[in-house]
Each structure stands twice: as C-alpha cells, then as structure tokens.
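A.B. asks: First to last, the protein sequences are chains A and B. So in the numbering used here, spot 166 of the first sequence is number 222, and the numbers just go up one at a time. So in the numbering used here, spot 88 of the second sequence is number 144, and the numbers just go up one at a time.
Every clue listed holds true.
Pairs involving identical chains hold if they fit within one copy or between any two copies, as the list cannot separate such chains.
Below, simulated DMTMM-like cross-link-like pairs (lysine to aspartate or glutamate); rule was C-alpha separation at most 25 Å, straight line:
1. K149 <-> D236
2. K188 <-> D236
3. K169 <-> D142
4. K228 <-> E198
5. K190 <-> D129
6. K297 <-> D236
7. K89 <-> E174
No wet-lab data here; the hints were simulated from the structure.
There are 2 protein chains.
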Amino acid sequence: MRNLRLKLMYDGAAYHGWQVQDNAVTVQGKVEKAVAEIFGGHHTVYGCSRTDAGVHANEYYCNFHTGKEISCDTVVRALNAKLPFDIAVLECKEKENGFHSRFDCVSKEYIYKIWNREIRNPFLINRAYQYKYKLDEKMLNEAASAFVGTFDYRGFCSSGSSVADTVRTVKKASVERQGDLVIFRVEADGFLYNMVRIMTGTLINISQGKIKKESLRDIILSGSREAAGVTAPPQGLYLNKVRYKEGQE
Amino acid sequence: MRNLRLKLMYDGAAYHGWQVQDNAVTVQGKVEKAVAEIFGGHHTVYGCSRTDAGVHANEYYCNFHTGKEISCDTVVRALNAKLPFDIAVLECKEKENGFHSRFDCVSKEYIYKIWNREIRNPFLINRAYQYKYKLDEKMLNEAASAFVGTFDYRGFCSSGSSVADTVRTVKKASVERQGDLVIFRVEADGFLYNMVRIMTGTLINISQGKIKKESLRDIILSGSREAAGVTAPPQGLYLNKVRYKEGQE
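One chain only, chain A, in its complex shape (with noise of 0.2 Å):
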C-alpha cells in the first residue's frame, strides 16, 4: 500500500471545520469524496488538524492509503479537477506507511487576523475579524509573551474537548500590526480545542482594560476557564504552517 500526503490550502467559509460529520458539509467529506473519484471507493483521510467550522487553512496536510499506481504529479492535477474552487491540493507526497499527518506532526503556527478599523474591508468579510476600537500592537506583543513556555494549558481550551493531556508547549507567539490589519501568530507543539480563539479573545481583553496585561501568566497558570478571556470568533483564524519530523517534510 501507498500511503500519499497531500497539502491543502483552503478558505474555510463554506465548510463545517475539517472533521466529516452527519449532515453537514466539511472539508475533509469534499477531500474523501474527490479521492473516492479518482482512487475508486472510500478511502479515510486523515488530517493533521480540527479545524473548526469557518477557519481557514494556509498549510493542511492529511494523508490516506491507497494500492493504485497514480503519479503523484496526476494526483494533483486530478485532485484539483474535482474537488470546489475553495479547496486545493498544493503537493501530493509519497510517504513511508507508517506516517500519519496529525500524530507525526510536531508544531503548528496558526494566525489570527483582525481587521481594526470601524469600517468594514468587502475584501476581508468571512476572511477576518472586524474589531474597531484601536489595538495597540506593541502592547499586545508584549503581552502575547507571556503565552511561550511549557503550561497546562485547560483554562485555554472550551468544554466538550476529552483530552486527558492538556499540557502544551508554546513555542512562539508575537502581534504586529500591517495596516489595519493586526495579526496574532502562535506556534506550539499542539493546540487544545479553540485554544487559539481562546487566546485572541483573552488579548482583545487585554486592549479592552478588562484583563490586565501582567495578570496573563498567572491567568493561565491557575487554569481556569472563567479567568481566561472570550472566544474570538472563528473567521479570522488560519491554520498557516504545520511542521514534522526531520525527514517527514
């Protein structure tokens, strides 16, 4: 059997997040239903990431087995021909049999885009977040520092997740401003359930007065939920690099 990684890009607003579900549409059912086209019947594909419904991917990657011989260059190119305008394969790679996109992945960098101006960009609508009172870049910058390290990070992430292990690494985290679009970047070895949105709202609040910037640490070492800020919501988030294993790019 070979066992094929594709990278997707795609622009999530039509889709009910990655995970395929009863009843509603996904990314992952649009990927499995374009491979079952072209490979011949239901093959699982398996994803690196749950993107929840409305996020956005730069970078995905998942994989699925499969025992026919098609090119990976055809793949692509046959990939592309069915599946919507809003999703497409990058690359299609061979990989050994054991690889899996998620469990072999080791960070992931998401970024969470705020579009802070009172008036709406038509460019920008379903594609980020409209906050219109000023942020101050700088600030949350600064603040956004305090999430790197190794935490347990369960005040971060909403009920309903079963994770039993919510410790994560945060490997970077930093805030910029590029016109009026400010953009949060986060990278870390794994991200619990809304995590990112978790972080983002608790930033918002920060700006707002209504957290302060030097209580961050200890909101997120006292894990809990209430402490920690809002959900921002899910159309500014991008899935935007994912990495593996040395060997596994």
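Given chain A, put chain B in place with the hints provided.
C.D. replies: Just chain B now, kept in the frame of chain A:
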C-alpha cells in the same frame, strides 16, 4: 442643496458592474437604495466610472445632491449599516455644487491581478485571473512602457462603445511580481470600454509569442482592434486610485 461625495470600496463579484440596469443587481443600484433609505426618496448617484460586471474597486467615488442636513460622519455610518457587506463607504465629503465624480476626475489607476500558478488560490477566486504559464514580469514591464503617451486608443476598445474621442493619455504602465501574483498597473486621464482588459490580454499574448513585444507601439498606432490582443476576464481588474483636480481631493 448639498453635494456629497462618497468614497467606496467594493468586491464586484456579485454585481453586474456599477451602472443601474433593468433586471440586474448593480453597485449603483445598491448605493441608490441605501441613499433612499437614509435621505428619503430617489437620489441619482453619479459614479466616477462604469466598471464592468465582476470588476472590483479599492477606491471608487460617486456623488449625489441632497437638502438634508445629516453630518458626513453619520452618512458614512448610516450607509454602511444599510449597504450589503461587499460594498463599504470609506468617506463622505461635502463638495462644491458643480462637482461631478466623473467629469472632474483627472486620472484613474487600475490594477489587474494575475494568479500566475498552475494551482488555483482558494482565496483569490473571483479576485484574480488565473494564468498558469510562467509570465516574465521583467519583459512584460518593458513591453508595457509602449502604452505610455498620448495615443488614439480606439484599437483597445470593445465594440459597443459610442465614445467619439478615443484619444487617451497613459501616464504610467508597469508590470511587477509579488510571489505568484503578477500585477499590471496603469494610470491614464481616462479609459475606453474594456481598455485595461485588452491591454492585459495583449501583454498575455506577448508572453505567448502571439504578439511581438517590439510591435506593440505600432499596434496601438494602427487603431485596429484585431491587431490588439484578447480581452482578459473581469475578475482580475480593480479600480485602484482616482485623482481629482487640486482642491477637489
């Protein structure tokens, strides 16, 4: 009577261009509907340009006359609340009575975005034209310099136009690459019907070797629509900047 000028930004994907037409959804129609809701009754809104179906605007000006004393700040807020999400009012300014968005304009800049990669970009569907063969942006930038000057541009005008004077002065014309995006930028005192799209199509025909780079000036001078290139599709085109006389900005 007050003469109010609006600065708009819009994603043109859902519209049959600017101008009101029977049985078609247009930007002018949406703006006039919003103005009627705020100011009461029909007000003709004069636009700076007739953009085609599917064409976008990063900057677009229009004006209308009213006797109502509503502050410009309130006009911006109220219109944005009434308009669909893909049209935004960025600014409202009170102008002298004789001001007209179209006739007082001294130059316009358009950009045309080409997604120059075999694989589509899910975030640029309807927002760029995908052309998969590698474009040589340096060569095309040199070629585009032939557009600069005052010429009778009737060969770069689609039939159906009834403009008598087809002489236009192109002030700047350039091609640059930003990653996989190739951008054609052109500024002129005015543009004929489909002029930028035919210029873009001609540049693509030059890159295909169907038209010789060295013959572009002669093609312009020939005034022949057949000699010029194809009409590039609308979705890559953006009205980018509009300049008014000094004191009219």
